[in-house]
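Turn these sequences into a full structure, and let the hints guide you.
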Amino acid sequence: MTYQELIREVELNIQDASQELIDSIPSRINRAIEFIAGEILFPDLLKLGSVTTIVGQATLTMPADFEGKLLFCGRDKGQISIKPGVDDIMELDSNFEDVGDVMAVAVMGDTMYYWKSPATATILPILYYKTVTPLVASSDVPSFIPTGDMQEKLIVSKVTMDIFDKIEQGFEGDKVNYLSYKIKLREAIVEARVWIVKRNKNMVKYSTMWSS
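The working numbering puts the first residue of the sequence shown at 28, with every later residue one more than the last.
A hint or two may mislead.
Stated by the list, open to error - Here are the computed lysine-lysine pairs in the DSS-like style, where the Cα-Cα straight-line distance is at most 25 Å: (1) K96 / K157; (2) K193 / K209; (3) K110 / K96; (4) K193 / K74; (5) K202 / K157; (6) K180 / K209; (7) K96 / K193; (8) K104 / K74; (9) K180 / K193; (10) K225 / K211; (11) K110 / K180; (12) K74 / K96; (13) K180 / K202; (14) K180 / K211; (15) K225 / K157; (16) K143 / K96; (17) K211 / K193; (18) K74 / K110; (19) K180 / K225; (20) K202 / K74; (21) K180 / K157; (22) K104 / K143.
Rather than coming from a laboratory, the hints here were simulated on the basis of the structure.
The following block contains the structure:
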């Protein structure tokens, strides 16, 4: 679905909303896309790249489009262990002084910390999750989401849910519309995950990592 079509679908769901909320739909759609990309592992957002170690240093800067999730890091002798936190690297070498082939890495923000530090600059191949490109033109499409039906269910449900959360603030009793779209979004996320794994068997390993 195009940006304009997504906007229109949300407008149809919230016809009695204030003009302020209606005007917020475009920006909410882009925020929803970022949220969805963080909830589901989309194959089109996986990217092969490389980083280069720096002599005498145990850190480097990740690529500009790095979203925050590193799925693989390697070297000529095989795969490098990816640790969950920088503290795990510090347990191996608290002063970041060990020299040799890189044995383990951890990422915080856009910085990779590595143990050990090679004596010469070394290229490390990586597989990472890249950031999504925001929709700008009315004809733009969130193409990393595989189908138009999936785009509608995920994005429209998320934006509509968020807007009804605002509309129904202060209501006595349940937020009926908010809860309805919350359920729709939850179901759409599950459906999307199943759809992707069925068609990309090699994604099972990474999907398991995603939910851990």
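Okay, the hints, checked on the actual structure:
no., hint, result
1, K96 / K157, "8 Å, holds"
2, K193 / K209, "13 Å, holds"
3, K110 / K96, "12 Å, holds"
4, K193 / K74, "36 Å, violated"
5, K202 / K157, "35 Å, violated"
6, K180 / K209, "11 Å, holds"
7, K96 / K193, "31 Å, violated"
8, K104 / K74, "21 Å, holds"
9, K180 / K193, "20 Å, holds"
10, K225 / K211, "21 Å, holds"
11, K110 / K180, "35 Å, violated"
12, K74 / K96, "11 Å, holds"
13, K180 / K202, "20 Å, holds"
14, K180 / K211, "8 Å, holds"
15, K225 / K157, "22 Å, holds"
16, K143 / K96, "21 Å, holds"
17, K211 / K193, "18 Å, holds"
18, K74 / K110, "20 Å, holds"
19, K180 / K225, "19 Å, holds"
20, K202 / K74, "40 Å, violated"
21, K180 / K157, "23 Å, holds"
22, K104 / K143, "14 Å, holds"
Hint compliance for this structure: hints 4, 5, 7, 11, 20 are broken, all remaining hints hold.
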